[in-house]
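Start from the sequences and build out the full structure, keeping to the hints where you can.
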Amino acid sequence: MTARRALAIAGLVAVAMAFVWVIRTAPRWRSTTRAVVAPSPTAPAPPGRKIKARLFYISESGTKLTGIERDVAYAENAAEQAREIVAAQVDAVAEPLVSALPAGTTLRALFLTDNGQAFVDLSREVVVGHPGGTVSELLTVYTIVNVVTANLPAITSVQVLVDGKEVDTLAGHVDLRRPLAKNLAWVQ
Amino acid sequence: MNARSFPFLSALFSLALAISLLSQSAAPPSLTLLSRDGRRPLPIVMAGDQEFIGLDELAGVFQLAVHEESFGAITVSYKGKTIVLTPDQTLASVSGRLISLPAPPVRRGARWIVPLEFISRALAPIYDVRLDLRKPSHLLIVGDVHVPRITVRYDPLGAAGRLTIDATPRANSTVTQEGEHLTIKFDADALDVPNPPLPPPGSQSSPGLVQAVRVVDATTLAVDLGPRFAGFKSAAQPVDTTMRLVIDVVAAQTETTPAPQPAPAPDLPGAPAPSELPPALNPPSASIRTITVDPGHGGDDEGVKGAGGAKEKDLTLSVARRVKAVIEGRLGIRALLTRDDDRNVPIDERTAIANNNKADLFISVHLNASRRRSASGASIFCAAFDQAAHATAASSGAERLPTFGGGLRDIELVPWDLAQTRHIDQSTTFAAILEQQFRGHVPLADTPVDHAPLRVLESSNMPAVLIELGYLTNADQEKLITGDAFQNAFVQAIYDAVVRFRDALAEAATQ
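So the sequences go chain by chain: A and B. Numbering-wise, my numbering puts 1178 at position 40 of the first sequence, and it's gapless, one number per residue. Numbering-wise, my numbering puts 1518 at position 435 of the second sequence, and it's gapless, one number per residue.
Among these hints, one or two may not hold up.
As the list claims (entries may be wrong) - Pulled a few chain A residues facing chain B out of the computed Cβ check, cut under 7 Å:
(1) Asn1253
(2) Ser1274
(3) Thr1307
(4) His1311
Unchecked claim - In the EDC-like style, the derived pairs of lysine to aspartate or glutamate whose C-alpha atoms are separated by at most 20 Å in a straight line are:
(5) B/Lys1388 with A/Glu1263
(6) A/Lys1320 with B/Asp1469
(7) B/Lys1441 with B/Asp1529
None of these hints come from the bench; they were simulated from the model. Using N, Cα and C, we set each Cβ at its ideal position, and we do this for glycine too.
And the structure:
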């Protein structure tokens, strides 16, 4: 009887350990199914090679975007190149340029789908530091959408994520539940 | 058991309802218990910043059995149902279900005291008569007693003014003029009303029109009228569970201050001249019966903050209230606000209010921001959809569903977040009319009308626009927008645009 009980306890412990192993390992399995490009690794490109990219900043009028050509590190695949471009876009700029992205906003991740959609995951500063206002929010959103779609024609739409999650809006106006297509009407 | 059979109350109170006001009689610290049999005060005990009440008091009033068990718990029983309280614990068991209290029970000498919320969260679920705790007014309503909560608001409208009196749950009322005051008699057992019902009018109010609103007796309010009062009109309408009484007070002509003039539109022959404006409370138009006005943001979502301290959420509410008052008062069209106080309303709820009330027009009011301080001017937005969204909406089609009484009916199905696709042309027409009415009266942005994927517009199942009054991030604009002159001009332009849009719809219908 005692031996059977010991056997039963040992069995339970083994099942529990297996369960814990599965729980701890499962997220890693999931993460490998997506082509997530984290911002930390550097692009596998020859050092120093650059491309010209069009970045967007707020126009003098304050109600539109204006495009500025900048050198951005070259990358050998579209996802890495998109990451380099967005990383350059979120970088702080000095006057007279004014960015529509709140200070402190960083790129957390960026990945592409086979049908030409990009998912751009920004840090929470893009929400927390946002001044609000419909036009201000539109300029923030279309800075990201246009900088990806205007520089990489294979990408036709962009969905903005914040802290890894889908969001309704950044500041209560612009619908971010769906990917948005390039819209150069916001560029003067 | 019902409220009429309360032995404790019938013995104590044989008179009908007391004639003094609840808020006056319930001088803190006491909780006023009100039932069909009368009212009685129950003492409130303060512990820290929490309001408590003695369990022995509740036991006496509600015939509860209270026992302190040997294992430390306190049991409160009523007709076989039990509440178990534990000292130092905010959780309590109510017939086996866990509830939480804002503070644990506290021993005071030989008695236990419990937070007031014990009544609503623990006692009410096991009691067989309705217990309605209204903590802000220190009121406990027992049984079927009709005690509407009353809120009073006064909005100056140029030389005139509007009193809006909400009774929740609904209570009908009659308004009569008796000498220098209006008497409002409610069909209720008593009123739950702040004291005074309306704070003294501030500088924004029309001087000499309405002096004060005061309580006369348990079911009557009085409006003290000023020397400039010349007449009034009243109308009541239900809004959800509220009965809203609107009293428009008119000033004597000789002392009127200039009212906002209707914005002329000489380039638009369809626009009515000021003299052609319909009088107040006309029968509603056949084409626009209900308008929803949506004051953007609210509560912890303050929206844009101006350098001078103005907050978008306050300005949008102020302007929306003015729009509502003018639309209702001068056109007789029902106007609903998606919020009428400082609270955060989810975007879908705002649209749902418009859709569920079958509004014919949706106007969302916002203020703009830009990181460039120079940005200025009002703009009007309509929704924007990509081709895929239009295709999805168009392909949704209809579904044939059975109806009550037999038979089938085609029900048109439109995805919630694409409802606006069917109205986008009319929304654009209304936006163009708004732009024309604003021009010359309200400073406009370089691109006054635009389309954008704005969440609050996409689900609106009626013509819908979002208006940005101007840029709060521009100091000059902030000063302008917070002023009465600008807001009056803006409201007048909206009014004129609604009239023109209504006429355009009617004309299109006849063709």
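Verification of the hints:
With 7 Å as the threshold, the beta carbon of A/Asn1253 stays out of range of chain B, its nearest partner Cβ sitting at about 12 Å, so the hint is violated. The closest approach between the C-beta of A/Ser1274 and any C-beta of chain B is roughly 4 Å, which is under the 7 Å cut-off, so the hint is satisfied. For the restraint placing A/Thr1307 at the interface with chain B, the shortest Cβ-Cβ distance is roughly 6 Å, inside the 7 Å limit, so the hint holds. The interface hint given for A/His1311 holds, since its Cβ lies 5 Å from the closest Cβ of chain B, which is under the 7 Å cut-off.
Between B/Lys1388 and A/Glu1263 the CA atoms are separated by roughly 18 Å; this keeps the pair inside 20 Å, and the hint holds. Annotation: proposed proximity of A/Lys1320 to B/Asp1469 holds, straight-line Cα distance about 11 Å (limit 20 Å). For the suggested pair B/Lys1441 and B/Asp1529, the alpha carbons sit about 34 Å apart, so the restraint of at most 20 Å is broken.
Going through the hint list in order, the structure does not satisfy hints 1 and 7.
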